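*Asks:* One letter stands for each residue in the lines below.
Number of protein chains: 2
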Amino acid sequence: MFQARRYQHCSTCGGQIEYRIPADDNRERATCTVCGAIHYENPLNVVGTLPIYGEQVLLCKRAIEPRLGKWTLPAGFMELGETIAEGAKRETDEEAGAQIELQELYCVMNVVRVGQVHLFHRARLLSPVFDPGPETLEAKLFHEHEVPWDELAFHTVRETLQRFFEDRRGGNGYPLHVADIA
Amino acid sequence: MFQARRYQHCSTCGGQIEYRIPADDNRERATCTVCGAIHYENPLNVVGTLPIYGEQVLLCKRAIEPRLGKWTLPAGFMELGETIAEGAKRETDEEAGAQIELQELYCVMNVVRVGQVHLFHRARLLSPVFDPGPETLEAKLFHEHEVPWDELAFHTVRETLQRFFEDRRGGNGYPLHVADIA
Ligand SMILES: [Zn+2]
Ligand SMILES: [Zn+2]
Chain S
1 MFQARRYQHC STCGGQIEYR IPADDNRERA TCTVCGAIHY ENPLNVVGTL PIYGEQVLLC
61 KRAIEPRLGK WTLPAGFMEL GETIAEGAKR ETDEEAGAQI ELQELYCVMN VVRVGQVHLF
121 HRARLLSPVF DPGPETLEAK LFHEHEVPWD ELAFHTVRET LQRFFEDRRG GNGYPLHVAD
181 IA
Chain C
1 MFQARRYQHC STCGGQIEYR IPADDNRERA TCTVCGAIHY ENPLNVVGTL PIYGEQVLLC
61 KRAIEPRLGK WTLPAGFMEL GETIAEGAKR ETDEEAGAQI ELQELYCVMN VVRVGQVHLF
121 HRARLLSPVF DPGPETLEAK LFHEHEVPWD ELAFHTVRET LQRFFEDRRG GNGYPLHVAD
181 IA
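Those protein sequences? They're chains S and C, same order as listed. Under the numbering used here, residue 182 is the last one in the first sequence; the count climbs by one each step, no gaps. Under the numbering used here, residue 182 is the last one in the second sequence; the count climbs by one each step, no gaps.
It is possible that some hints are incorrect.
[Stated by the list, open to error] Covered stretches of chain S, going by a simulated chain C footprint (3 or more residues, C-beta under 8 Å):
id	region
1	5–13
2	49–57
3	107–118
4	136–147
5	151–160
[What the hints assert, rightly or not] So, partial list: chain S residues that the calculated Cβ filter (under 10 Å) puts toward chain C:
id	residue
6	Ile21
7	Asp24
8	Glu94
Don't read these hints as lab results, they were simulated from the structure. Bear in mind the structure is a predicted one, so any value in this text is a computation, not a measurement. Note that CB positions come from ideal geometry on N, CA and C, so glycine has one too.
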């Protein structure tokens with residue numbers, strides 16, 4: 001679940017929080033009972049890549065929770081100070097140590113249940129040699145028939161891979177996919 | 001500027017915050033000196049629409065800061081519990097009281113300076129009658145030559161409008177635009 005109602009104290013003054021609907025609003029917000037500050041909670045972006053080397057796709061075996069031991073595309077929370085593309089490239093470097101040429105934005109997936117939007121760029125791997133970081137047990141290339149579909153970490157990874165293989169078979173390029181993921 | 005370093009107190013326990021680099025991280029994070037909780041600060045999504053009625057585009061004159069009195073496309077912060085499309089539609093309803101049929105995602109614009117991503121869907125207006133909410137002084141349709149270019153509220157609004165009029169003149173449809181805005 002997304003982290004709504006995660007405020008107990010005001011991040012400005014430390015005062016007690018109550019969830020109230022402000023006068024000019026229609027939702028309950030974390031409101032400080034001492035200084036009156038309102039703290040908003042909003043969806044976060046997870047940014048990553050779909051790195052391709054010839055016929056193969058790069059997946060990373062997670063070394064951390066959630067989904068420890070499951071396979072994922074390199075991705076993580078977008079940081080302040082970067083674009084979606086820069087974040088996607090950074091995560092690919094941090095998780096796989098992979099050298100890539102970033103391509104177009106390929107998937108924008110709403111994951112309402114967890115308050116996230118997952119955005120994946122396609123990427124061309126410049127080398128099949130990887131240097132996984134501490135969040136990754138193993139970084140490995142897979143042909144389509146080798147993908148561990150039952151061992152994928154996240155729904156958005158499965159959906160992104162499925163769309164990519166479909167588009168590749170279709171032979172008409174890689175249009176943007178916008179989807180809502182349960 | 002984006003709201004980095006906005007934590008002075010822990011939102012869990014109210015304890016004093018220090019900005020430190022956690023052991024498994026490479027950036028300073030708001031870290032509680034009492035309970036050890038780490039509070040992350042990430043970019044936020046602003047979602048909205050480019051509502052079209054025949055040859056005209058809908059703009060809203062802002063009744064609130066920032067940019068009070070300037071013209072904008074209907075847009076606002078994406079909320080927990082909704083998709084990008086749902087948020088874009090909600091903002092169009094709240095700010096303009098406009099009835100729309102939502103169309104494709106059209107612009108994804110990184111505004112790194114303020115820690116935001118602005119996402120606009122194209123939309124077809126079902127009626128030229130509006131019912132602006134309290135955040136809007138006036139909702140009005142503009143032909144291209146009438147757009148108040150010097151009175152627009154945000155760079156992303158200008159960029160979205162420019163791309164739309166260009167694409168319309170080009171006659172080859174409305175592909176996704178991904179851009180970085182200074
Ligand atoms: Zn307070
Ligand atoms: Zn604490």
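*Asks:* Next step is simple, just say for each hint if it's right about the structure.
*Replies:* Verification of the supplied hints:
1. Coverage of the region 5–13 of chain S by chain C holds [criterion: at least 3 residues with CB-CB distance below 8 Å; count 8].
2. Only residues whose beta carbon comes within less than 8 Å of a beta carbon in chain C count, and the region 49–57 of chain S has 0; fewer than three means the coverage is violated.
3. As drawn, the region 107–118 of chain S meets chain C at 5 residues by the rule of a beta-carbon pair under 8 Å; at three or more, the given contact holds.
4. Here's how the region 136–147 of chain S fares: 0 of its residues keep a CB closer than 8 Å to some CB of chain C, so the rule of at least three is not met and the hint is violated.
5. Coverage of the region 151–160 of chain S by chain C is violated. Counting CB-CB distances below 8 Å, 0 residues qualify, and the rule asks for three or more.
6. Given the 10 Å rule on beta carbons, the hint for Ile21/S is violated: about 13 Å separates it from the nearest Cβ of chain C.
7. Interface hint status for Asp24/S: upheld, as the beta-carbon distance to the closest one in chain C is roughly 7 Å, under 10 Å.
8. For Glu94/S, the interface hint holds, since its Cβ comes within 10 Å of a Cβ in chain C; the closest pair sits about 8 Å apart.
Hint check: violations occur at hints 2, 4, 5 and 6; the rest are consistent with the structure.
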